[in-house]
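Chemist: What follows is the residue order along each chain.
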Amino acid sequence: MNIPEFKNLQNISRQFPNAQWLGFLPAGEGFIIPPGEYHRLCETLKHDYGFTYLSCLTATDRIAKNEFELAVHLENLDKNEIIWIKVPIDRKYAEVQTITDLWSAADYLERETYDMFGIIFRGHQNLSRILSPENETTHPLRKDFTKAHNMEYGREIMQKLIQKKKPPDLSLTC
Amino acid sequence: MITTVEGETVKKIEPVLGYLHRGFEKLGEYKLYKSGLPLTDRMDYLASIFNNHVYSLAVEKLCKIEVPLRAKYIRVLVCELDRIASHAIGIGAFLQDLGNPTPFVYMFRDREEVYELFEEICGARQLYSYIRPGGVLLDLTAGFESRTEKFCQKMDKFLEEYNDLLDNNEIFQLRTKNIGAISGEKALNYSLSGPNLRASGISKDLRKDSPCEIYDRLDFDTCTEEAGDVWSRYKVRMNEIRQSMRIIQQILGNIPGGNYLNQTPAVLTPSPGEVYTSVESPRGQLGIYMVSDGSEKPYRYKIRPPSFLAVGALNEMIKNEKIADAIAILGSIDIVLGEVDR
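The listed protein sequences correspond, in order, to chains G and X.
Going by the working numbering, the first sequence opens with residue 9, and the numbers climb by one from there.
Going by the working numbering, the second sequence opens with residue 23, and the numbers climb by one from there.
These are computed hints drawn from the structure, not numbers from a lab.
A couple of the hints might just be wrong.
Straight-line Cα separation of at most 30 Å, DSBU-like style, residue types lysine-lysine; simulated pairs [what the hints assert, rightly or not]: (1) G:Lys15 - X:Lys230; (2) X:Lys34 - X:Lys208; (3) X:Lys34 - G:Lys94; (4) X:Lys208 - X:Lys33; (5) X:Lys33 - G:Lys94; (6) G:Lys73 - X:Lys208; (7) G:Lys54 - X:Lys53; (8) G:Lys73 - X:Lys33.
Counterexamples of contact, computed for chain X against chain G with all Cβ distances above 12 Å [stated by the list, open to error]: (9) Ile143; (10) Ser213; (11) Arg264; (12) Pro287; (13) Thr291.
Label pairs and their in silico Cβ distance ranges [what the hints assert, rightly or not]: (14) X:Asp161 - G:Thr154: 16 to 26 Å; (15) G:Asp98 - X:Ser225: 21 to 31 Å; (16) G:Pro42 - X:Arg131: 53 to 63 Å; (17) X:Lys179 - G:Ile128: 49 to 59 Å; (18) X:Met23 - G:Ile128: 23 to 33 Å; (19) X:Arg147 - G:Pro42: 46 to 56 Å; (20) G:Gly44 - X:Gly275: 54 to 64 Å; (21) G:Pro96 - X:Phe130: 25 to 35 Å; (22) G:Asp98 - X:Glu51: 20 to 30 Å; (23) G:Asn74 - X:Asp161: 25 to 35 Å; (24) G:Lys168 - X:Asp238: 55 to 65 Å; (25) X:Lys172 - G:Gln18: 30 to 40 Å; (26) X:Tyr52 - G:Ile128: 47 to 57 Å.
All C-beta atoms in this analysis are idealised placements derived from N, C-alpha and C, irrespective of residue type, glycine included.
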């Protein structure tokens, strides 16, 4: 995959003055954009610059900076280019707008990100857990979900299961 | 799949996923870069060399490791062998879903040959962990190339057998033509890739568009079909087996000598950064997004599974079809649940 054309990147950074334009190999070229303009940037890239294919949508937990970083990779299949968009989201009130109106593939990818991190996508039709069970309360891929946390949680479930078993009723002999 | 039906017709389908979720992305954060490679085998367990390949490519880009030329040739040879094996079981399982268990067993006869070839070079019949960052694990054994040549000749005859039995079979055509069609634009919107996308008329192949290793020196065709239905997906996979055999014939006899692995330290510490790479696996575009923070373990890595997005497009394909056709469509998109759930 190639990096996008230089003049297109310049135009985009002019249209979105709040976007930080950072390019570094091996990640290629892309923009860091605040959550308010994220949907508008995706729309512009899709309609005006031909990035019509959604490759990947995921998040990283930057616990040191106290934020989530949503990463979106878009591809322009005609010119064979790839561009990334990163959106820093506040860790305590993690909410961002959905892009399912632009790409239907984002449906499942956003559900997975919600399941693993707890980021709420405003406007998503069916934001429910997809890989974890429905009654799960934690978000596993966060950095403060450690192995010890998981073992404690497992221990609670085991104890509940053991308590449910009743001792055999010896008075009922045939 | 939770299906909402009206009579015999399916109105809505809701796949319920997560029964095979093993938490690989979280586990990978606790393993060193090189130690985490056998974990990736287990995601797409029917074509596991591609998971190793994409992980190794990402680690090599982050740590700036070079791969010797002999290793690149061996990697392509081994990937195409695994592509044949994966398509064999994909088509076999699809036909079994339709109610015909014989091709499933016949395809396992072919897959067994590939298993024996792999057992020679890396000791494992499945879940190879053969492609490592820096090259391949072990060199090819003596006589491997002649045995692969014999396998290709056998596979040629087997493919003609399948074509005779299946292609002109009227019942098969009635059950698969014009079923589960998806148009090219909708397939792009749902981010389908690989044979599912090529069956809808869009001719995109990562091996041609952004060739890794030595794919740019090889001569092969992109197999496309127009209709986007179950029949097209079956035909694309059958044709791709032939193209893979063509690639293997071009490589055999031309593998250069030299080193097969550039030795790297056991504990790799790349500089902070991130990478997104992808390869053309038999199911589509298998991508990896790896983030490193300068320590010896990955900070985060995410695998972009093609089967996950194919399941997302199932609702679109199965709307207004009969229940029996729903099974056929599910078999034709060739998903592996290990990859869907990770």
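Chemist: Given the hint that lysine 54 (chain G) pairs with lysine 53 (chain X), test it: the Cα-Cα distance must not exceed 30 Å.
Modeler: 37 Å, violated
Chemist: Assuming the hint says 16 to 26 Å, is it satisfied by the Cβ distance from aspartate 161 (chain X) to threonine 154 (chain G) or not?
Modeler: 42 Å, violated
Chemist: Check the following: the C-beta atoms of aspartate 98 (chain G) and serine 225 (chain X) are separated by a distance inside 21 to 31 Å.
Modeler: For aspartate 98 (chain G) and serine 225 (chain X) the Cβ distance comes to about 43 Å; the hint is violated.
Chemist: Do the alpha carbons of lysine 73 (chain G) and lysine 208 (chain X) lie within 30 Å of each other, as the hint requires?
Modeler: Since the Cα atoms of lysine 73 (chain G) and lysine 208 (chain X) sit roughly 39 Å apart, the hinted pair is violated (cutoff 30 Å).
Chemist: Would you check the hint for lysine 33 (chain X) and lysine 94 (chain G), treating anything up to 30 Å between C-alpha atoms as holding?
Modeler: 37 Å, violated
Chemist: Take a look at whether the Cβ-Cβ distance between asparagine 74 (chain G) and aspartate 161 (chain X) falls inside 25 to 35 Å.
Modeler: This hint is violated: roughly 49 Å between Cβ atoms.
Chemist: If I claimed the Cβ atoms of methionine 23 (chain X) and isoleucine 128 (chain G) lie 23 to 33 Å apart, would that claim hold in this structure?
Modeler: 26 Å, holds
Chemist: Has the given pair, lysine 208 (chain X) with lysine 33 (chain X), been kept, meaning a C-alpha gap of at most 30 Å?
Modeler: 18 Å, holds
Chemist: Isoleucine 143 (chain X): least C-beta distance to chain G exceeds 12 Å?
Modeler: 29 Å, holds
Chemist: So is proline 287 (chain X) really clear of chain G, every C-beta pair being over 12 Å apart?
Modeler: About 20 Å separates proline 287 (chain X) from the closest Cβ of chain G, which puts it past 12 Å; holds.
Chemist: Is lysine 34 (chain X) within 30 Å of lysine 208 (chain X), Cα to Cα?
Modeler: 17 Å, holds
Chemist: At the C-beta level, are glycine 44 (chain G) and glycine 275 (chain X) separated by a distance inside 54 to 64 Å?
Modeler: This hint holds: roughly 59 Å between Cβ atoms.
Figure legend: structure checked against the earlier numbered hints; hints not met, in rising order: 3, 5, 6, 7, 8, 10, 14, 15, 21, 23, 25 and 26.
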